[in-house]
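Trainee: Line order of the protein sequences matches chains A and B. Going by this note's numbering, the letters in the first sequence line up with residues 1 to 262, in that order. Going by this note's numbering, the letters in the second sequence line up with residues 1 to 360, in that order.
What the hints contain is simulated information worked out from the structure, not anything from laboratory work. Take the hints with a grain of salt, since some may be wrong.
Stated by the list, open to error - List of simulated lysine-lysine pairs, BS3-like, C-alpha gap at most 30 Å:
#	chain 1	residue 1	chain 2	residue 2
1	A	Lys154	A	Lys195
2	A	Lys195	A	Lys252
3	B	Lys205	A	Lys154
4	A	Lys154	A	Lys114
5	B	Lys227	A	Lys114
6	A	Lys36	A	Lys76
From a predicted model like this one, the values you see are computed outputs, not experimental measurements.
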Amino acid sequence: MQRTRPVGDVLLKVDDITLSFGGVQALSGVSFDIRKHEIRAIIGPNGAGKSSMLNVINGFYHPQQGQITFKGQTRKQMRPHEAAAQGIARTFQNIALFRGMSTLDNIMTGRLLKMRSNFLFQLAWTGPAEQEETRHREFVEHIIDFLEIQSIRKTPVGQLPYGLQKRVELGRALAAEPELLLLDEPMAGMNVEEKEDMCRFILDVNDEFGTTIALIEHDMGVVMDLSDRVVVLDYGRKIADGTPDHVRGEQKVIDAYLGVSH
Amino acid sequence: MGPFIEVVLGGLLAGVLYSLVALGFVLIFKASGVFNFAQGAMVLFAALSLVRLMSGELSAVHYWGAAAVLGVAVGYVLLLFWRRARPAAAPGRGASWGLIGVFGLIGAALAALHGTAGWSGWVAIPATAAIMGLLAVAIERLVLRPLVNQEPIILFMATIGITFFIDGFGQTIWGSEIYTLDLGIPKDPMFLLESVFEGGILVNKLDIFAAAIAGVLVAVLAVFFQKTRIGRALRAVADDHQAAQSVGIPLNQIWIIVWTVAGFVALVAGIVWGSALGVQFSIALVALKALPVLILGGFTSVPGAIIGGLIIGMGEKLAEVYLGPVLGGGIENWFAYMLALIVLLFRPQGLFGERIIERI
């Protein structure tokens, strides 16, 4: 695959992350990094701690141990809205859209952090507020075109089929112009055609906007096709890390997925 | 025809008062999914604060305190605008607190100079608004934040606790008698359309004033929810907490904002109710009349709260006047609840509420 932006320096580094809920150890001593412009997959059997890892990166969970370095800044923990302000956007495994709003409004919420004008102007709907709204609206329309969802622009998202909802969720994350995009099972529950569309969008996002992407996915075919590097988790530990081809050959990974006889 | 219109109009205007209380419920329910039982207590608290600050019968400490709260609120709002306009030039955390503290001291000092004479409405109303803001911050810090991610029923129980606390606390610091609130709103009855009907239609000027205020309030809230960044954030939080956080909306701030706005609405309701009935404990009980309004209009709809209130107010008066002689009177007391019960049977989400359809 020929890419316009080559993989660059380390953008995010997680170091020795340990997270437990009561007696349940979700993550133990996991370390890896994500480089600029790359597509990084996190895979593993059910309950391996993949979603927990994303939640740690994006600030929903606070690990008991370990450090996260994003854009050179090291932190122990951070709240989700601060992570968003620093340029981390995400989608959810179970779709988390604003069901009462239209597609357009949902994607517009992704721009909230970029809106600056005074709320008195917004109330009056004039001056700088109006110009600003128009500017953001243009950007959102660009995303709508990009994701090919023009026809559902005004539809309340609660009425959309599953595959399209996932696409709207991706649109909302993109609207924030994130540097790091976290996708939690972007293709779960989709049919083959929808999966192909989603793959294409992920590759295009990575290529056109240069967005760094970390994704969790169960479909091995998809993971091997899309990603530059893969982290494999099992029972909260990292068992392999490297290119898809390298990971595929690791005995530990094969054992984790197929089980071992004792 | 004249008497009929008079009853309908009187009912509609009484309904506006119910709507004002119901509105406060809707705001908080929309943004946080919490059914705030304390809304009635907040109305009483706001009315008490206002009437007592204007009375001139309190100790100096009360006035200093209230003025300090107002000063802090002014300082905080100015800082917010400063941050937004010139983020680079705005002071850091420590300096901000210092600046806010200075504003609080200036407020207290001005109050000390003024002595213990009663305040005019122009100062007392903003001061009460600031006190409601402080109350919102306290509720967020002490109740909502520790209970984040709990079941709605637990938050509901917590608001019942808040209700009793505010009732008691308000009467402890402000006094517990019946006070007359006089903001100079005209109260005398007047006659409309005297040329059309014989004797004209009798309405109270205060009711018309209340209707005008409610209209303005609803218009401002509707634009606020639809057009502003904060309004959009509020709607997002109402729909999905996690998703809202992931697009960068700070939940805690949003809760403070929405409780503050509900506090302002409580203040407006308190002014209107207090002017009509006097400020007394029974104001807190009007919250109970807001329940059938909410059931009728739907818990999540601002227009629903208004129209629900109007229907209930009008229905009550019509039933009292036209069914009363047949059924033996006293209908006004139970009619609203009866109507709510019927609505629950046929349209549980209310007239304007959102119907959540689960796909199986």
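Trainee: Run every hint past the structure and note whether it holds.
Mentor: Evaluation of the provided hints:
| no. | hint | in the structure |
| --- | --- | --- |
| 1 | Lys154/A <-> Lys195/A | holds (24 Å) |
| 2 | Lys195/A <-> Lys252/A | holds (28 Å) |
| 3 | Lys205/B <-> Lys154/A | violated (44 Å) |
| 4 | Lys154/A <-> Lys114/A | holds (22 Å) |
| 5 | Lys227/B <-> Lys114/A | holds (15 Å) |
| 6 | Lys36/A <-> Lys76/A | holds (21 Å) |
In summary, the structure is inconsistent with hint 3 from the numbered list given earlier, while agreeing with all the others.
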